[in-house]
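Chemist: In case you want the letters, here they are:
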Amino acid sequence: MASVLRSGGPVDAAEYSTNWDRAQEADDYSEPQSRISRRVKVLTGQLVAGVLMLALWEYASGRWIDPFFVSRPSAIGTRLLEWVLSGFVWFHLSITFQQMIAGFLVGAVTGAAVGIVFGRNELMSDIFSPYIAAVYSLPKIALAPLLILWFGIGFESKVALTAIVVFFLVFYNTYGGIRDVPVHLMNGVRVMGATERQLLFKVLLPHASAWIFTGLKVSVPYALIGSVVGEMISANRGIGFVLNMTANMFDTTGVFTALVVLMIVAFLLNQLVDWAEARVLRWKRIG
Amino acid sequence: MTIEPGEFVAFVGPSGCGKSTLLNMVAGLLQPTRGTVRYGGTPVTAVNTRVGYMTQMDNLMPWRTVAGNIALPLEIRGVPAAQQKPRVQDFIRLVGLEGFEQHYPAELSGGMRKRVALAQMLVYDPETLLMDEPFGALDAQLKLVLHEYLLNLWSRTNKTILFVTHDLAEAITLADRVIVFSGRPGRIKHIQPIGLPRPRDVYQVRFSEEFRRLHEVLWDKLKDEILKGEAV
Chain A
201 MASVLRSGGP VDAAEYSTNW DRAQEADDYS EPQSRISRRV KVLTGQLVAG VLMLALWEYA
261 SGRWIDPFFV SRPSAIGTRL LEWVLSGFVW FHLSITFQQM IAGFLVGAVT GAAVGIVFGR
321 NELMSDIFSP YIAAVYSLPK IALAPLLILW FGIGFESKVA LTAIVVFFLV FYNTYGGIRD
381 VPVHLMNGVR VMGATERQLL FKVLLPHASA WIFTGLKVSV PYALIGSVVG EMISANRGIG
441 FVLNMTANMF DTTGVFTALV VLMIVAFLLN QLVDWAEARV LRWKRIG
Chain B
-9 MTIEPGEFVA FVGPSGCGKS TLLNMVAGLL QPTRGTVRYG GTPVTAVNTR VGYMTQMDNL
51 MPWRTVAGNI ALPLEIRGVP AAQQKPRVQD FIRLVGLEGF EQHYPAELSG GMRKRVALAQ
111 MLVYDPETLL MDEPFGALDA QLKLVLHEYL LNLWSRTNKT ILFVTHDLAE AITLADRVIV
171 FSGRPGRIKH IQPIGLPRPR DVYQVRFSEE FRRLHEVLWD KLKDEILKGE AV
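Going down the list, the protein sequences come from chains A and B.
Numbering-wise, this note's numbering puts 404 at position 204 of the first sequence, and it's gapless, one number per residue.
Numbering-wise, this note's numbering puts 83 at position 93 of the second sequence, and it's gapless, one number per residue.
Excised from the complex, chain A in its bound form (with noise of 0.2 Å):
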């Protein structure tokens, strides 16, 4: 029996299609030299554009434009390696993180817990939808002086605004990833005699799983808002307390230099979402 199952035709078709990796990697094999080219066009274009803009912007600046607005990047280079040397970089990063990544547990397992009880509860979901909505439409940022006011202007309060930022995004999509699980599944596992919590394990997580990674993605660069924007508005460390304190010195090149830490920050953090998201959903890949 097993053989003939083995021979049907969609069986080969089926062995293609694995296969079609390999295939395009053959293809990619076949045209080594204008790949490896096309890359070094890329890249050398890239670094030649990032060249110009910043010997234009150098050169401009004292020239067509006062430095007191612009700084000028090698001033900014400097500024920078100093910050680093000095670890006073270090110190207000460390201290922006530390609100964020806490700021973002919090929302994040609290977001994902009321999103499973309500994609589960029908009832209570149809009752409180419009105040979380209501809620939801507030601008977030908009809660920071009421959160300084509540929790002082230190760690407590730019961890309240972020895990209040990240709340929301994990919260709706880990509601629709479970009000998305496929009915068909769940009754397939309640006739092989899954309980509740086999079901939640089992089923829903699992499915929702690529909803509520998409939910801690976008929610990654808005924990950082959250935390720098609270910094800002009134803190005395931090990123954010940084770029305030420069600007008003009126130390522009303080305040670039600020952004430009901000922007390799912010970065960074997205190419790591990229990798876990790749490692994490390999069969949301496929198919």
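Simulated from the structure, these hints should not be mistaken for laboratory data.
All of these numbers come straight from a predicted model, not from anything done at the bench.
By construction, the Cβ of each residue, glycine as well, lies at the ideal position given by its N, Cα and C atoms.
It cannot be assumed that every hint is accurate.
[As the list claims (entries may be wrong)] Short, incomplete list of chain B residues facing chain A, as computed with Cβ under 7 Å:
#1 17
#2 19
#3 21
#4 37
#5 39
#6 43
#7 47
#8 63
#9 66
#10 67
#11 144
[As the list claims (entries may be wrong)] Derived Cβ-Cβ restraints for the label pairs, each shown as a range:
#12 A:397 with B:23: 29 to 39 Å
#13 B:21 with A:356: 35 to 45 Å
#14 B:23 with A:356: 51 to 61 Å
#15 B:69 with A:417: 31 to 41 Å
#16 A:328 with B:213: 51 to 61 Å
#17 A:436 with B:72: 33 to 43 Å
#18 A:447 with B:65: 49 to 59 Å
#19 B:37 with A:477: 31 to 41 Å
#20 A:479 with B:206: 54 to 64 Å
#21 A:309 with B:52: 46 to 56 Å
#22 A:436 with B:71: 34 to 44 Å
#23 B:91 with A:479: 49 to 59 Å
#24 B:200 with A:477: 36 to 46 Å
[Said to hold, decoys possible] If you only want the chain A side, here are some residues facing chain B, beta carbon under 7 Å, derived:
#25 278
#26 287
#27 385
#28 387
#29 390
#30 391
#31 392
#32 393
#33 394
#34 398
#35 406
Add chain B to chain A, keeping to what the hints say.
Modeler: Below, chain B alone, put in the same frame as chain A:
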């Protein structure tokens, strides 16, 4: 009506007549609004875990590999991990999917997914199989292959099978009895015993005189219902 243990019963009828609802009630996923469904003599009031259920939408978890999907019912039933592995391997061999253990459902063809779903249903050895148009989406040739496979399995294991289909030839090929449902409201209109000798050759049986006669009888009963359904 009563279905005997070990019997293979097929249900045909116009769409919306409640064939799938009936299986859902046997599985305990739905409660009848009137009357009772008894399983083994006792009314079904909760999810019936003595059955296996296979629908047109195979219940495979896209995030689990072939082996992981077949192991799922064993995990749910608390079979120790050490015992799961050889059993899963047995059933992978049974459905001829050696070498595909670590593939995800999205990497398989429709027919292979059906075989995984079949293995997933059989691995925990339920006494009754509920099959709701399980091969509906497959092409005709592949359907025959799976019919042969299913009959083979049924004759060896003595399981009871309730099989919903809209394909009369499929019903006659497989079943001991074919139940014809009428359109809304769904009622049993006709019960047709299928006297074709067993074991049946799924490739040849459809050319026999008796098959043709049964097809005509059943089509005659079903025709009115389908036309009625279309007119509404």
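Chemist: Next, verify each hint and record whether it holds.
Modeler: Evaluated hints:
no.	hint	result
1	17	holds (5 Å)
2	19	holds (5 Å)
3	21	violated (14 Å)
4	37	holds (5 Å)
5	39	holds (4 Å)
6	43	holds (4 Å)
7	47	holds (5 Å)
8	63	holds (4 Å)
9	66	holds (5 Å)
10	67	holds (6 Å)
11	144	violated (13 Å)
12	A:397 with B:23: 29 to 39 Å	holds (30 Å)
13	B:21 with A:356: 35 to 45 Å	violated (51 Å)
14	B:23 with A:356: 51 to 61 Å	holds (56 Å)
15	B:69 with A:417: 31 to 41 Å	holds (36 Å)
16	A:328 with B:213: 51 to 61 Å	holds (53 Å)
17	A:436 with B:72: 33 to 43 Å	violated (59 Å)
18	A:447 with B:65: 49 to 59 Å	holds (58 Å)
19	B:37 with A:477: 31 to 41 Å	holds (36 Å)
20	A:479 with B:206: 54 to 64 Å	holds (60 Å)
21	A:309 with B:52: 46 to 56 Å	violated (26 Å)
22	A:436 with B:71: 34 to 44 Å	violated (54 Å)
23	B:91 with A:479: 49 to 59 Å	violated (21 Å)
24	B:200 with A:477: 36 to 46 Å	violated (59 Å)
25	278	violated (51 Å)
26	287	violated (45 Å)
27	385	holds (6 Å)
28	387	holds (5 Å)
29	390	holds (5 Å)
30	391	holds (4 Å)
31	392	holds (4 Å)
32	393	holds (4 Å)
33	394	holds (5 Å)
34	398	holds (5 Å)
35	406	holds (5 Å)
Consistency with the previously given hints fails for numbers 3, 11, 13, 17, 21, 22, 23, 24, 25, 26, ordered from lowest to highest.
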